[in-house]
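**Q** Okay, here's what each chain looks like letter by letter:
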Amino acid sequence: MAITQEKMDLINAGIDGEISHQDEDRLAALLLENAEARALHAELQALCGSIESVEAVSPPPHLRHVIMNTIKPTPGKRRSPGFMEWLLAMPAFKYSATFAAGVILTLSAVSSDQHSNSALDDVTGLVGTIADPVRDDFLASTAVDNANVVGQVSLRSSGSMLILDFDLVANGPVEIDAQYPDRTIWFNGFGQLEASGTTISAKSGSVSLAMEGKRRYAVYLQNGGGQREITVNLRFSAGGEVIHETSLSYKPAD
Amino acid sequence: MSKSDDKNLIARCIKGDRQAFEALLIQYEKPVFNAAYRMLNNRDDASDVTQTVFLKVYENFASFDPSCRFFSWVYRITLNESINWLGKRNRLEPLQHEAADDAGGPEQEVESAKLSADVQAALMTLSTDYRTVIILKHFLGCSYMEISDVLEIPEKTVRSRLYSARQILKDAIGEAGNY
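In order, the protein sequence lines correspond to chains A and B. If you use the numbering used here, the first sequence corresponds to residues 1 to 254, in order. If you use the numbering used here, the second sequence corresponds to residues 1001 to 1179, in order.
It is possible that part of the hints are untrue.
As the list claims (entries may be wrong) - Covered stretches of chain B (chain A as the covering partner; in silico rule of three or more C-beta atoms under 8 Å from a C-beta of chain A): (1) 1022 to 1030; (2) 1034 to 1044; (3) 1049 to 1059; (4) 1124 to 1138; (5) 1157 to 1171.
Keep in mind that the hints were calculated from the coordinates and are not lab data. Positions of the beta carbon are idealized from the N, C-alpha and C atoms, including for glycine.
Work out the full structure, taking the sequences as your base and the hints as a guide.
**A** Take a look at the structure:
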């Protein structure tokens, strides 16, 4: 006796546990009286068991990190300016206030005969930089997912500076060549989160880095060309062989 | 994690809270990656799709309908992205299956690797319509109603696709001598 579509559906629904009490009884009766239905039920159960016994695959360990690095911060809601901010935003008031403050400061210095402040004259031991906070803009990023090295390289701009952020994990020595054919860009500095582990050498138009293990570092480039299209070509090598090539490009909005 | 936990996290994500996004990422990274892997049969492609899915999720929180279930939305994006990826891949190169890991080891591990490879190979013979229902049912543990929600098709269609897909899989995996 052939199994009808309705009975096939009943068997499938029973295996999935998506069956009413009434249909449960119908299924039990069907399996009791029909050998073909019993065989099909057993086959489908074995199939579902086989599929569900397949172990879930684990995503690459760095993937979460790469995703978190790729997302751009959402700009927060702008709060409305307070009275002082509103007042200082008016250029006429700002210039008048600056002029008045200058006059008061000069008068007070002259009246107290204090032309020197010894605390500020002695700068021995003063370390650090005092600078205006400059907003940096995310420009582009690329994920590296290779047998030798994984992670992320991003390009940011901060004023006239371009910053290449490297966040990589290498399972052996890896060399990275960052080439920027545009001669209006030149090397300006290097910083790394770890105290050591990455070496760098720079020449005109390129920077060479050597690293191993988990390393986070930044290469600072001066962008003398201003608002123009930028391309940085990255070539990763291990054991003298090129293992990955990519580039980061940025095209300024018109 | 409950639906209300997801909602709280989504509300925080909309305000730009990266920690809330990371919590959602931790919860859904593995199922999203697995769904993509089962659709594409390639770890690198599955990684790329997973990354694209979470970027889309992050950029489109504002358009997410809070009356819907978050996982339905995420899984829908995952399956659609995987199908798009398959389309691109098929245009560029012939389909490449990842070789099963048949390295030596305990007998049970070898058997398990063989079954896994046979199931994956059988999955790849299915059309994407059938493959998606099998993935949602057997790899992501969705009910008929949830599958209907994710794929935006009637429950009746879910049943019909699932039963037909199983019939094809039964023959393919049975031929490989797994039961």
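**Q** Hints first: check each against the structure and report whether it holds.
**A** Hint check results:
{"no.": "1", "hint": "1022 to 1030", "result": "holds (count 5)"}
{"no.": "2", "hint": "1034 to 1044", "result": "holds (count 4)"}
{"no.": "3", "hint": "1049 to 1059", "result": "holds (count 5)"}
{"no.": "4", "hint": "1124 to 1138", "result": "holds (count 3)"}
{"no.": "5", "hint": "1157 to 1171", "result": "holds (count 6)"}
The structure is consistent with each of the numbered hints, conforming to all of them.
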